[in-house]
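Make a model of the complete structure from these sequences and hints.
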Amino acid sequence: MSFNSITYGVFFLIVFFLYWFLFNRNVKFRNAFLLIVSYIFYGWWDWRFLILIFISSITDFLLGLKMNQKDLSAIKRKHLLYVSIGVNLGILGFFKYYNFFVESFTDAFAGFGINLNMTTLGIILPVGISFYTFQTLSYTIDVYRKKMQPTNDLIAFLAFVSFFPQLVAGPIERAHRLLPQFQERKQFNYKRGADGLRQILWGLVKKIVVADNCSVIVDSIFNDYTNVSGGFLIVGVILFLIQLYCDFSGYSDIAIGSARLLGFDLMKNFDYPFFARNFSESWRKWHISLSSWFRDYVFIPFLRKNYSKYNRILSSLLVFSLVGLWHGASWNFVVWGFIQGLLLIPYVFFKGRLLFKKSRVNQKYFVNKIEITIRIIFTFLMFSFTCFLFRAQSLHESWMHIRHLNFDFSKYLSNKDIPDLSQIFIFIAAMLCIEWFQQKQNHGLDFDRLKLPMPVRWGIYLSLTVLILIYGGPEHQQFFYFQF
Amino acid sequence: MKTFLLKLSFFLSLVFTFIAYVVFNIDGSFDPYYVRFTTGQKQSLIIGASRTAQGIKPEVLNTKLQGHQFFNFAFNGNISPYGPTYLNAIKKKLNPKTTNGIFILSVGPGHFSSKHHIKDDSLRFIELNNYLAKTRFVNLKPNIFYLLDNYSNFIRTYFTDRNRESRFLHDNGWLEAKTNFTQKQLEKRHRNVLRQMKSQRNKYQFSNTRWQYFLKTIQFLKNHGEVYLVRLPVERKVGEIENNFWPEYDSLISDISSKYNTPYLNMTLNENDYIFIDGSHLHQESAPEVSRLIGDWIFDNENKTSDHGPL
Chain V
1 MSFNSITYGV FFLIVFFLYW FLFNRNVKFR NAFLLIVSYI FYGWWDWRFL ILIFISSITD
61 FLLGLKMNQK DLSAIKRKHL LYVSIGVNLG ILGFFKYYNF FVESFTDAFA GFGINLNMTT
121 LGIILPVGIS FYTFQTLSYT IDVYRKKMQP TNDLIAFLAF VSFFPQLVAG PIERAHRLLP
181 QFQERKQFNY KRGADGLRQI LWGLVKKIVV ADNCSVIVDS IFNDYTNVSG GFLIVGVILF
241 LIQLYCDFSG YSDIAIGSAR LLGFDLMKNF DYPFFARNFS ESWRKWHISL SSWFRDYVFI
301 PFLRKNYSKY NRILSSLLVF SLVGLWHGAS WNFVVWGFIQ GLLLIPYVFF KGRLLFKKSR
361 VNQKYFVNKI EITIRIIFTF LMFSFTCFLF RAQSLHESWM HIRHLNFDFS KYLSNKDIPD
421 LSQIFIFIAA MLCIEWFQQK QNHGLDFDRL KLPMPVRWGI YLSLTVLILI YGGPEHQQFF
481 YFQF
Chain R
1 MKTFLLKLSF FLSLVFTFIA YVVFNIDGSF DPYYVRFTTG QKQSLIIGAS RTAQGIKPEV
61 LNTKLQGHQF FNFAFNGNIS PYGPTYLNAI KKKLNPKTTN GIFILSVGPG HFSSKHHIKD
121 DSLRFIELNN YLAKTRFVNL KPNIFYLLDN YSNFIRTYFT DRNRESRFLH DNGWLEAKTN
181 FTQKQLEKRH RNVLRQMKSQ RNKYQFSNTR WQYFLKTIQF LKNHGEVYLV RLPVERKVGE
241 IENNFWPEYD SLISDISSKY NTPYLNMTLN ENDYIFIDGS HLHQESAPEV SRLIGDWIFD
301 NENKTSDHGP L
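Chains as they are written, first to last, in our numbering: chain V, 1 to 484; chain R, 1 to 311.
Rather than coming from a laboratory, the hints here were simulated on the basis of the structure. What you are looking at is a predicted structure, and each value in this text was computed from that prediction instead of being measured. Do not take every clue at face value.
Taking lysine-lysine and the DSSO-like style, the derived pairs with C-alpha atoms no more than 27 Å apart in a straight line are [said to hold, decoys possible]:
id: 1; chain 1: V; residue 1: Lys411; chain 2: R; residue 2: Lys134
id: 2; chain 1: R; residue 1: Lys2; chain 2: V; residue 2: Lys186
id: 3; chain 1: R; residue 1: Lys2; chain 2: V; residue 2: Lys451
id: 4; chain 1: R; residue 1: Lys97; chain 2: R; residue 2: Lys134
id: 5; chain 1: R; residue 1: Lys216; chain 2: R; residue 2: Lys91
id: 6; chain 1: R; residue 1: Lys304; chain 2: R; residue 2: Lys216
Pasting the structure below:
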């Protein structure tokens, strides 16, 4: 049940009415209802996946309670944390990385002339496993660190782990932020509800109008890259980054909007990353819930031992390689992550200088703007080019793409079914303009600041809905991040 | 909550109004099939494939054969008119109370061929998975089921279909191909058709299943009126390829014609009288002439039937 399907629309409408008119009278009833609908939502893909999410949730719920026992020694608490990490990463590792490690070991030993007879398994990757595993892990780590008290409300905890708006592709919420929201009474708030709807609309526009149209061109270029001029691979990879952003941030917007309609606040997952002025800023604006998760649970603990410049570099490389591995069980993702780490090194060394300095307040307005623009474009292009690794299925494939690169634009795709580049550029330009002007707002359609008259606002909403109707359809394209 | 729901309902009603506007404005320029599924049940049908869809104009027949309202229920897209899917659609389209209808069945060697070298080739007929099989209701306006079952997004098609200028499907089922080709373009199209036919002819073989469904269609329609078999004109070289594919075709159809008392008109013999857009399909200017000849021929036969029939 994808967010861009009619099925989800109908599902959400039913949930919305039952939630506010029937189950919201009692917190326990409401949470039980949310748990049931979340399990229905997740089981829609494959009911067998429910077993995994239940095992992860119940393990962490019990371990959290056990960790809080008064007479428990520090060593035992640590052991309980290891159990939690072992169970969660064990499930994730088996379902997501088993085949990757088997193949990598076999290849590595084959390099030394040793043939290992290890066989890979036909494992289906459960949807969203990387997201909810990290979410539930953050709970036990926070309880272990005594940042929060464990809950003894099993239903609320199960509902927190499986909360359907953010279950399959985040934002990866922290227990101390989201769990308390399950324990409070809710009252419908018109302003928040309307804003939730607007954010859903903006998410759908980004996904259906921009990302899905980009993907047609991107797929055509990359699937047939030997028959197009190398210059179009540059166009392809830039469009791919835009597709990726609109797809994933669109999903996040729909998730946040849906949650808001049910009275929940989810964290911001994207903060207009295309307007970042350097690489470090890019990662503070892109997939915030994941990058902050790695920062809090891996990077900072690693740095605590040694805050030297070289340890920061080493930590960056390690963390970003892990970020890459989190995305996919393939070496191209690991290398992609490693390169992200590498690109941050100049920031560590030259922070405050060159492209990494903050704009001076007394600088002339025009000069300042030009400088910012150059920095934004440079960062965007650098980010785009790393996406050759992200788009490919393997390291070898990404290398083939890179080798084909040049600045020749003479031969484009001959297939007439491919949308015009000019049309997609108009959509992208419009999207970027709106996001540029809305940078300080939560999302592209957050017009409270502008005080636009109602007919204008409704005109915009209606026009965008018409665009979605024209470019959407029952045969929707899956969200890109579902594969992670 | 009340205000929220009221505003949301109003907004959704605006959205549905837009969808309704699109649905009710879909006409013959939308695609070459939709309109045929939006009229009521009919009493006199024209059955065939793309040549028939473009080549027979119902209004010309209506003028000659007073009292009959013909409907062109021929389809294109490489579908033979004889098979389980098409017969099923005919049964739905025909008014069951009809007793004196006139049915024109287009025949040609290609209609009885199949690509599949298996005994029951009907299991692999192309129409099993296309719009004709997917369309459960053939007499509904607007036919929302057709739009939803056959398009991933019909609104997108409505706004962005680029072929709109080249064809128009009239309410009586006639598909007008709005061609404005130069002589050079016509020749090129003709060469392409010949090349395609030559390359394909060895892949096809006679399909007994299609033949049996042809007979079933005749038998079914005979219960509701008179059946006429027509082989529409094609350019000479196209006709030669077809005749080579099945040399005894014409005599076999003549036998069927006698056996079932269904008059047969072979129009391929006068191909020089007409203009074709590709050697296989009639130009829109020749369609009225061909339709007039068919009308005259049926008129003569009808009068013969009434002269010598029950008396």
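Going down the list of hints, with the structure as the test:
1. V:Lys411 - R:Lys134: Outside the cut-off at roughly 39 Å; violated.
2. R:Lys2 - V:Lys186: holds, 16 Å
3. R:Lys2 - V:Lys451: holds, 23 Å
4. R:Lys97 - R:Lys134: Roughly 26 Å separates the two Cα atoms, so the pair holds.
5. R:Lys216 - R:Lys91: Status holds; Cα separation ~12 Å.
6. R:Lys304 - R:Lys216: holds, 25 Å
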